[in-house]
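Visitor: Spelled out from the first residue to the last, the chains are:
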Amino acid sequence: MKSGGAIPFRENAKRSLRDPDLRRAMRAAVGTFGSKRESAVQSLPGFEEYRERAAETKSKVIENLEEFVNLFREKARERGVVVHDAPDAETARKIVGDLFRERGVRLAVKSKSMVTEEIHLNEHLEKMGIEVLETDLGEYIVQLAKESPSHIIVPAIHRDRKQVAKLFSEKLGVPYTEDVEELTKVARRTLREKFLAADAGISGANFLIAQTGSVAIFTNEGNGRMVTTVPKLHVVVTSVEKVIPSLEDLALFSRLLPRSATGQVMSSYLSLITGPRREGEGTGAEEVHLVLLDNGRRDIARSDYRDILRCIRCGACMNVCPVYRVVGGHAYGSTYPGPMGIVLTSALQGLEKSHPIVDGSTLCGACAEVCPVKIPLVDLILALRREKVRRGLTPALERAGMRAFGKAASVPQIFSAYQQYAHSIWPLAKIFGSPAGKKFPRPERKSFVKRVRDAGED
Amino acid sequence: MRERIERFAGRVRDAGGSVHGVPDEGSLAQVLREILPEGAAVFVPKVTDLERGLSLDWVRSVEDPKDAAVTVEEVEFGIAETGTVVVTGRDDRPVTGSLLAERHVAILPEERVVETMEEVFRTLGEDPPANVTFITGPSRTADIELTLTIGVHGPSALDVVLVGENSAAISGLGNMGEKGEERVSKGEKYTQEEVSHEDEK
Chain F
1 MKSGGAIPFR ENAKRSLRDP DLRRAMRAAV GTFGSKRESA VQSLPGFEEY
51 RERAAETKSK VIENLEEFVN LFREKARERG VVVHDAPDAE TARKIVGDLF
101 RERGVRLAVK SKSMVTEEIH LNEHLEKMGI EVLETDLGEY IVQLAKESPS
151 HIIVPAIHRD RKQVAKLFSE KLGVPYTEDV EELTKVARRT LREKFLAADA
201 GISGANFLIA QTGSVAIFTN EGNGRMVTTV PKLHVVVTSV EKVIPSLEDL
251 ALFSRLLPRS ATGQVMSSYL SLITGPRREG EGTGAEEVHL VLLDNGRRDI
301 ARSDYRDILR CIRCGACMNV CPVYRVVGGH AYGSTYPGPM GIVLTSALQG
351 LEKSHPIVDG STLCGACAEV CPVKIPLVDL ILALRREKVR RGLTPALERA
401 GMRAFGKAAS VPQIFSAYQQ YAHSIWPLAK IFGSPAGKKF PRPERKSFVK
451 RVRDAGED
Chain U
1 MRERIERFAG RVRDAGGSVH GVPDEGSLAQ VLREILPEGA AVFVPKVTDL
51 ERGLSLDWVR SVEDPKDAAV TVEEVEFGIA ETGTVVVTGR DDRPVTGSLL
101 AERHVAILPE ERVVETMEEV FRTLGEDPPA NVTFITGPSR TADIELTLTI
151 GVHGPSALDV VLVGENSAAI SGLGNMGEKG EERVSKGEKY TQEEVSHEDE
201 K
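Protein chains in written order, with our numbering: chain F, 1 to 458; chain U, 1 to 201.
FYI, nobody ran anything at the bench for these hints, they're computed from the structure.
Yeah, the Cβ is synthetic: ideal placement off N, Cα and C, and Gly gets one too.
Just so you know, not all the hints are guaranteed correct.
Pulled a few chain F residues facing chain U out of the computed Cβ check, cut under 10 Å [unchecked claim]:
1) Val30
2) Ser148
3) Val164
4) Pro245
5) Leu247
6) Gly275
7) Val288
Same shape as in the complex, but just chain F:
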């Protein structure tokens, strides 16, 4: 994924702004989320303390990542989970591919997992001739449309019901209907058969519990329960920073994740899976494999951007982001959009590739304010911008301009001379300037200091 040039964020954003369907869908969606989160958060006294504890817990894990990963790995193995370490995406894809080939898997059902998006697992398995079916309704829509998710919680947030109706009638041959309930039923019927016929289930993980070797998965639809209990083989594809110390901590995070993600007090389902089914138990896969992806995360844990590894993928930061809300998730050209995406994508893929997206923030701070694990997103985005300038990734003209401005601003005489000059040529700038430039007010003729002095002399 490191191939190719920088992400064309500006071009993508311009295209988004001209897409009326996208604008309409985004407008309808994001507002709802914000208000629901707000009331769910208010229903929990002490939400701030929970955030504080959650941030500390995650930081503790990141600072001692190897120790917690080892503990988790050991406990999971004790319970019969086959744990595979995957240093990079290619290894992770190969592990799953080989497992499926050895077992003759032809149909795999999947619940939502951003890590599998990150490593492009579906394409790999499909090339091997394996049918991989997304079962989260949003992911299913996105898969039918041959797109990628544009939101980490609501993958098809960029599509409205009309588009889904058209997609279902074209791809599934069902009668056209815009009734959301009816569309949901279509997905239920279609996917139910697949769940029961699948040779393997693939899931992600919201949390990995070091104390017990368990995997915790939050879902609302029930598809996460299906893929982890119905097929004989369950493969968890996840990443190292998902480890938390104990079940006690899971209870803490269960108060933060659903509230922050969808404004629910609790998700409909939380599955806690600890190894394969045991003697005397009636539920669980016969075989559980877990692919533990690094893909650069251990390096991030040692970098200045380590706080981004606290992220629990709730999506609250994108729901409130004035840039995300307008341009949508696809503009970011990466698996992870919005404020957390700016930082994580840059940390995972490098600024050479990601540098255009670090401009995709107004630094208003709404993201940091809602983050359930208190990631200082504004500070991190600023740090990325500083690094971007330092490494010469900004346009030459911008650099020269900023240098000139820096010099001028540090010498009052030069600054006020420029100000007077700008004041006098402003009528021309109004005509020939850029659309954004035209919105600036005309500079005062005299500098602020001079005006104060003049006023004092009156």
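Using the hints provided, position chain U relative to the given structure of chain F.
Guide: Structure of chain U alone, referenced to chain F:
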């Protein structure tokens, strides 16, 4: 105890589930008769002592949860903080019963209602069953235009039947929009106004 039970019941309703209370095991059959339609295909995962006393002779019992319209089972815990019920795979119980059926009826002796998820974890200990599932309301999605839709891959209705002297007076429908009205015939009805208010809350 009573306060906890009431809080639990309120949370179940907030999450879109329905709550029914009976004073003792003897009254269970009566409330189940109201919930389970005549001839319904019913799956009972593993008959517990409590369930053994019941004779559900008006329904059709099925062996495989995927053939079931309704799954009736005694659950292991209730959590008052969130209105959650907890099932596990212990004692050969297929947790899929509460997933594959259209309707899930959870029988919950009131003394098993605890305050928080932490208490459930403490009871389960360091070596939990391979599958522990926390269920809060029916299956739902908001993936199309964030429109709340009930019953995606899991049940579209959850009924919690509380058993115990503190539970006798409790009943009520889930606060889940207009569909709540047609779901069950028992308990007070929510007016449209109340329902939309609840949605915003």
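Visitor: Next, verify each hint and record whether it holds.
Guide: The hints, checked one at a time:
no.	hint	in the structure
1	Val30	9 Å, holds
2	Ser148	15 Å, violated
3	Val164	5 Å, holds
4	Pro245	13 Å, violated
5	Leu247	4 Å, holds
6	Gly275	5 Å, holds
7	Val288	8 Å, holds
The structure fails to meet hints 2 and 4 from the earlier list, while all remaining hints are met.
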